[in-house]
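*Asks:* This is what each chain is made of:
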Amino acid sequence: MLNPSPETDVVRIESLSFAYDTRPILHEVSLRIPRGKVVAIMGASGCGKTTLLRMIGGSIRPTAGVARVFGVDTTQLDTAGLYRMRRRMGMLFQFGALFTDMSVYDNVAFALREHTALPESAIRDLVLMKLDAVGLRGVAHAMPSSLSGGMARRVALARTVALDPALIMYDEPFAGLDPISLGVIARLIRRLNDALGATSIIVTHDVEESLQIVDYIYFVSGGRIIAEGTAEAVRASGVPYVRQFVRGETDGPVPFHYPAADYWSDLAVPKAA
Amino acid sequence: MNAIRHTLTQLGNAVTRRLTRLGVASRFFIYLLWHSGTAFQRFRLTIREVYFAGVLSLIIILVSGLFVGMVLGLQGYDTLQRYGSSEALGVLVALSLVRELGPVVAGLLFASRAGSAITAEIGLMKATEQISAMEMMAVDPIARVVAPRFWAGVISMPLLAALFSAMGIFGGYLVGVQLIGVDPGAFWSQMQAAVDIRQDVMNGVIKSVVFGIAVTWIAVFEGYDAPPTAEGVSGATTRTVVTGSLAILALDFMLTALMFTGGNAK
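Those sequence lines, one after another, are chains B and E.
Counting along the first sequence from 1, when you hit position 51 you're at 51 in the working numbering, and nothing is skipped either side.
Counting along the second sequence from 1, when you hit position 152 you're at 152 in the working numbering, and nothing is skipped either side.
Treat the hints with care, as some may be off.
Heads up, incomplete: computed chain E residues facing chain B, CB under 8 Å, no partners named [what the hints assert, rightly or not]:
| # | residue |
| --- | --- |
| 1 | GLU87 |
| 2 | THR128 |
| 3 | GLU129 |
| 4 | GLN130 |
| 5 | ALA133 |
| 6 | MET136 |
| 7 | MET137 |
| 8 | ALA138 |
Calculated directly from the structure, the hints in this document are not laboratory data.
Each residue gets a CB set at the ideal place from its N, CA and C atoms; glycine is no exception.
Next up, chain B with everything else stripped away, as it sits in the complex (with noise of 0.2 Å):
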């Protein structure tokens, strides 16, 4: 279970709701990440799972509902102070989001320059450190275009880390990897949160890899949190919807066929007798 003491929760978020114009995204969603911890967020895709990580971060305002991060109800917070706060985040994007006009070395070191009035040689020696880290200190004069995905995911995994950041998220951070670069962001991942003291957030749909990593798991379904619990307890889950999702059968409570009318009334051919 997770820590029953509320004052080590780094991100608290209390019956949080959320629409686009007037179409529901997230419903009373209500969680908790613990300092140290490396938490997921479980769902299909278009869930809500990202809505609510952008609602953290401050990029999206809920309609109802408290979002507290460090402490700070994030809703109530002007631009001033969500930059304030962010300079403890770091984000991982899907895609890494690199900055393409700049290299490797530049991107790492963008955010050190931006926020710190440190001296040219020791964002160096700062820079490598973190390209070292994710094993890519011989790429540092590369541009972000001649890098495979999961380099790039690397290099933006090293950028995300470049302030030692205390919450650490990360947008479906295994889509698109092959096997290899996969099982390596995941090690990544573990090590750089153990390493920093940091806590992370993981928004995944990739159960194999995700469970082997994390200490707690949050599934997200029709913007509701249906289920809860560590990986023994959801590999084990009774609960139909995380038993399809785990283990990634085609029907369930989530239908193969998109609802819609009569099969036979939809087709010219009359049905034989």
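Take the given structure of chain B and dock chain E to it, following the hints.
*Replies:* Same frame as chain B, now just chain E:
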């Protein structure tokens, strides 16, 4: 009756949508000006963009200027010699370029060469989440990405217009003096006597600064406002060129009306 109501509703909606967008663009412009500090404190960022928007536009600006000047030389001589005043060719070429063609044609070329590139770059940065990544790193993308590009455009445009006019005058000289044989002394001295620094050259510079502000504002706004898809970015790039060019033509008419008629006329 219903058809009329429908048409009126559609018209109203279209007008409201455009006015709303103009409002959003104006707020964006004010925010941009307010957050331009970085573009000047770290001027190196702006200089880099001057290279992309200005220096890389040089080829098309210089070649176009040369050819426009040469055509002006041919056409001008053909008309002027009918009235026996072919020595006034220098005046005709210089005034046409400095007052009108320099700022306007350089502005149109700038909108299609540099404006479209700025929109596409910012739009793609948005589509690939680079802008969001910057926001999550607590760096304001308007101050860091948009403002240097805007000021680079505003700085580049008058310089490009000046180079366009200079090349054009050289083109007119090549055709008029070297090819056709107009007297070089008359060509240059009449030009010097007739072109006024304040009335002609300064007004041309003012025009090119205004066009630079308009085109670059449109370019950065369209890029920043583009829907983050391939279709969205291509639509925004097209709108930059079309709206930018129309804005130049409309502003040119208004500025010319203010500068060269009424109380200001010589």
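*Asks:* Take the hints in turn and mark each one as holding or not.
*Replies:* Going down the list of hints, with the structure as the test:
| no. | hint | in the structure |
| --- | --- | --- |
| 1 | GLU87 | violated, 52 Å |
| 2 | THR128 | holds, 6 Å |
| 3 | GLU129 | holds, 4 Å |
| 4 | GLN130 | holds, 5 Å |
| 5 | ALA133 | holds, 4 Å |
| 6 | MET136 | holds, 4 Å |
| 7 | MET137 | holds, 5 Å |
| 8 | ALA138 | holds, 4 Å |
Going through the hint list in order, the structure does not satisfy hint 1, though it satisfies all others.
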